[in-house]
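Throw the hints in and build the complete structure from the sequences for me.
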Amino acid sequence: MYVEGWNAHRVVRPSRLANAVIERLLLRILDGEFQPGGDLPPEAALAQEFAVSRTILREALKALEEKRVLRIRHGRGTTVRPKNEWNILDPMVLSVLLEYGGSTTLATELEEVRTALQGLMADLAASRITPEQRRDLDLCLNRMRAALPAEPGLGDPIAYREAAHLFARVLSEAAGNEVARCVVETIDVPLPEDDPDQARGSFPRAQEFAERLYARITGLPIPAQAVPADESLVDLAEPQSGPNGAPVSLPSQPPVLTTPLRRRPMVAGVSR
0 MYVEGWNAHR
10 VVRPSRLANA
20 VIERLLLRIL
30 DGEFQPGGDL
40 PPEAALAQEF
50 AVSRTILREA
60 LKALEEKRVL
70 RIRHGRGTTV
80 RPKNEWNILD
90 PMVLSVLLEY
100 GGSTTLATEL
110 EEVRTALQGL
120 MADLAASRIT
130 PEQRRDLDLC
140 LNRMRAALPA
150 EPGLGDPIAY
160 REAAHLFARV
170 LSEAAGNEVA
180 RCVVETIDVP
190 LPEDDPDQAR
200 GSFPRAQEFA
210 ERLYARITGL
220 PIPAQAVPAD
230 ESLVDLAEPQ
240 SGPNGAPVSL
250 PSQPPVLTTP
260 LRRRPMVAGV
270 SR
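According to numbering that gives the first Met the number 0, the sequence shown is numbered sequentially starting from 0.
To be clear, the hints were calculated from the coordinates, so they are not data collected in a lab. Hints are not guaranteed to be accurate.
Said to hold, decoys possible - The calculated SDA-like cross-link candidates involving lysine to any residue, where the alpha carbons are at most 20 Å apart (straight line), are:
#1 K61 to I71
#2 K61 to L45
#3 K61 to R72
#4 K82 to I186
#5 K66 to A125
#6 K61 to D38
#7 K82 to L16
#8 K82 to L39
#9 K82 to T107
#10 K61 to P90
#11 K61 to A46
#12 K61 to L29
#13 K66 to D30
#14 K61 to A50
#15 K66 to Q47
#16 K66 to A50
#17 K61 to L88
#18 K61 to G76
#19 K61 to A43
#20 K61 to G74
#21 K61 to E42
#22 K61 to S94
#23 K61 to M91
#24 K61 to N83
#25 K61 to L26
#26 K66 to T78
#27 K66 to E111
Claimed, not checked - What follows is a set of in silico ranges between Cβ atoms, one per label pair, in the way DEER data are often shown:
#28 A158 to D30: 49 to 57 Å
#29 L219 to A145: 14 to 22 Å
#30 P81 to E42: 37 to 45 Å
#31 I157 to R70: 27 to 35 Å
#32 E84 to T129: 17 to 25 Å
Cβ coordinates follow ideal geometry from the N, Cα and C atoms, glycine included.
Structure representation (structure tokens):
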């Protein structure tokens, strides 16, 4: 949008109310109420149903068109596009798909990409990391180790989640690749929050993965206690070496840290 008096363009983000409409429309499409290839009801009917102005509704529809969920044809109505055409890396589309019932394999596919990119970033960081970033990485890893449960039912899920998030951020900065950083941050799948025991159960594999990333960057051996005693991970216990030798192996399966799909109550202020 051109702003009068500015020799620049700016992107206008949807308002909070428009975002609520976007979420409700996405949910109804996922529920099958609005089918791919089918038309949405007229704007006036939707605006009345959602109890919003035509301006807010058009703002929401335009945003969904930019996310490739809808196709707006002036004078011919608004059509739902097939899901395989959606921009699933759009943060709002991705969050709705994960939380409310997208593909059952979507979270795993995201983790596979995230795992591969973080391995790439570790290799880049091995030659680019600064002394300050190395100190920050050490601090984050030590905080993760301290929050790791020594026994079932123990550990601090909140402290571990925060330390793991900071570890990933420092890794991204040390890699010096903005494209990889943006993709990883976009597809980052949150750790479980609703069930503390489930969250703790995901930590050993996440810690093992972080330790291997750290080893690829620094060339230091992985502490024996960092590898979970799990038969499914036997193939991970290989001789370690750093950037100057053979690469440190990463897990054959990504550390799946996903949030269970669930449905939240209706968005306040926007009726169905």
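Going down the list of hints, with the structure as the test:
1. K61 to I71: Holds: K61 and I71 sit about 8 Å apart, inside 20 Å.
2. K61 to L45: 14 Å, holds
3. K61 to R72: Holds, at about 11 Å.
4. K82 to I186: Between K82 and I186 the Cα gap is close to 18 Å, so the pair holds against 20 Å.
5. K66 to A125: 36 Å, violated
6. K61 to D38: 15 Å, holds
7. K82 to L16: 24 Å, violated
8. K82 to L39: Answer holds: K82 to L39 is near 15 Å, not above 20 Å.
9. K82 to T107: Given that 20 Å is the threshold and the Cα spacing comes to 18 Å, the pair holds.
10. K61 to P90: 16 Å, holds
11. K61 to A46: This hinted pair holds, its Cα atoms lying about 14 Å apart.
12. K61 to L29: This hinted pair holds, its Cα atoms lying about 19 Å apart.
13. K66 to D30: Cα-Cα ~18 Å, so holds.
14. K61 to A50: 18 Å, holds
15. K66 to Q47: Violated. K66 to Q47 sits at ~24 Å, over the 20 Å cutoff.
16. K66 to A50: Roughly 23 Å between the alpha carbons, so the hint for K66 and A50 is violated.
17. K61 to L88: 17 Å, holds
18. K61 to G76: Cα-Cα ~13 Å, so holds.
19. K61 to A43: 15 Å, holds
20. K61 to G74: With a Cα-Cα distance of about 15 Å, the restraint between K61 and G74 holds, given a limit of 20 Å.
21. K61 to E42: Given pair K61, E42 holds - Cα atoms ~12 Å apart, limit 20 Å.
22. K61 to S94: 19 Å, holds
23. K61 to M91: 14 Å, holds
24. K61 to N83: 19 Å, holds
25. K61 to L26: Status holds; Cα separation ~17 Å.
26. K66 to T78: Between K66 and T78 the Cα gap is close to 13 Å, so the pair holds against 20 Å.
27. K66 to E111: 23 Å, violated
28. A158 to D30: 49 to 57 Å: 38 Å, violated
29. L219 to A145: 14 to 22 Å: 18 Å, holds
30. P81 to E42: 37 to 45 Å: With a Cβ separation near 22 Å, P81 and E42 fall outside 37 to 45 Å, so the hint is violated.
31. I157 to R70: 27 to 35 Å: Given about 43 Å between the Cβ atoms, the range is violated.
32. E84 to T129: 17 to 25 Å: 42 Å, violated
Going through the hint list in order, the structure does not satisfy hints 5, 7, 15, 16, 27, 28, 30, 31 and 32.
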